[in-house]
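Residue numbers (the numbering used here), protein chains in the order written: chain A, 1 to 301; chain B, 1001 to 1245.
The hints are simulated quantities; they were obtained by calculation from the structure and are not laboratory data. Glycine included, C-beta positions come from ideal geometry on N, C-alpha and C. Watch out, some of these pointers could steer you wrong.
FRET-style restraints, in silico, Cβ to Cβ [as the list claims (entries may be wrong)]: (1) A:268 to B:1026: 43 to 53 Å; (2) A:13 to B:1136: 53 to 63 Å; (3) A:185 to B:1139: 23 to 33 Å; (4) B:1026 to A:170: 54 to 64 Å; (5) B:1025 to A:199: 23 to 33 Å.
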Amino acid sequence: MNRSLKRIILITAVLTILCILVLHDLLQGNWGIIQGSWENLSKFWNESLWPPEWSMLEARKYPECEASFEFFCSKAYIGMLETLKMAFVATILGFVIAITLSPFAAKNLASVWVYIPVRILLAATRSLPSIIWAILFVVVVGLGPLAGVLAMTCYTVGYLGKLQYEEMEGVQNSPLEAARAMGLSQPEIVTNVVIPESSNNLLSQLLFMFEYNVRHGTVLGLVGAGGIGYYLNYYMGFFLYRHVMAFLIVILVVVIIIDLISMYIRSFVTEDGDVKRPSWSTIFLSPSQAEKYHHSKPDDE
Amino acid sequence: MASIGGSILSNSDLILSVKKLSVGYEEELISGIDLEINSGDIIAIVGPSGIGKTTLLRTIAGLIKPLSGEIFCNAPRRGGIGYIPQKLGLVRHTSVYHNVDLGARSGTPFLSDPKTWFKRRHTRVVNAVKRMGLSDKFSEPVRRLSGGQQRRVATARTLAQQPRIILADEFLSELDDENISIVIEAVKEYLSKSNSAMILVEHNIKRASELSSRLLQVKDGKLEDYNLEDLKNILKAKYGDEVIS
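Construct the complete structure from the given sequences, taking the supplied hints into account.
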């Protein structure tokens, strides 16, 4: 057994023992609490969750449905669409604000007097969970999707801002030095060197944030900030978990679709984008496999 | 007290004047540098790696502060110095056009005629890219080019900038003989037309002597005129007899 393998086994063993000890402390030694948990879950699943109430995917009785597909008049579709709209607007707004702030928070682009206060600002917006922001904005602008959009925007600024400035700090020094020696101004360097150089990861983060906001948009409804969360909250209040289950399945399907779309979009801008990938089937393949699949070569010399 | 100034030299031919300059990071690498560079000069600095050649270029480019001494550069702060770093400093995810345009953007005065700024930049980019034989690669992302092509893009960026002084760090490495002659010819043509100057750091002494009008070496922490015997001894001590043969 070589040394690195021994080290991995040792670290894994230490971490496992540490986790067990901490959990023991959390449970105050009462491991009996786990007894019967599987039976409880099974009972809850069979009696309250499954099968889902598929009528949530059918048209509402009022107002009368005029769409060609009944699903487009269902509570699940209307709620989900509202959540998607909220997440879209919040992600774009948050991205624009974050990309404006993050160059001021990057160590390699700003002085210590600038990046420390901007980092504190970003940390402040991030430290409040979006649901707390939602409560604040419900108080400020009232119930509805606007409160949700503003809450998600604030959280997005903090979260995305941190990812962005860390990405910008990771940009290679060489292009920055060439641009500085040429005498380009700081805004020119940020827009023409830093952002293009980190664009792949910035796009990846943007798509991730959209997916994150869709998932979290469902929670914001709990405090009256609109979207599918409104229906989740409503049916949970009446303990109608089969209805809730139907909505959760819709959320799961939408999140999977968003993930697929983001994988597809990213496949064009990452290094993998050098490989021609004209079909959806190849987005799961590695660049070399995709290349083999299409019998095409990147245009490298 | 170190200082970097611009446009204060009375002699219009003088592009760079360095007096009692010491460069380094925490430790001093090269000290007591006195150097004057006039238009048309091509100065090559040779010597083994790790002795401060790149640090000297970066100091002259204004990227790091000198430890002591003075640098006066008779070139505008914007677009006056063209720097080709060892790693080329290209924006890998953008096109050849974008990269060359960075040079054109810095070197094309905006205020003299704002209406034609984009057009003038475009002309510079097209000419520089053509000169480097990359006309068919305008929209190609730089990351997809070979090492030699990337070096030509970096050179095109500097040609499009039209600086008063070019600082090039090992910019001929990775190029084959044909590409070296394309690049050298283009750079020499630019320097003679524009009365600009160039400082290059080069490992290959033969190549450096072919390109330059003056050959300098770094020895015992000092910058001095090249002496073949001295350099042989340095290389012998560092790499052994085989390198010399």
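**Request:** Kindly indicate which numbered hints from before are broken by the structure, ordering the numbers from low to high.
**Result:** Number 4 only.
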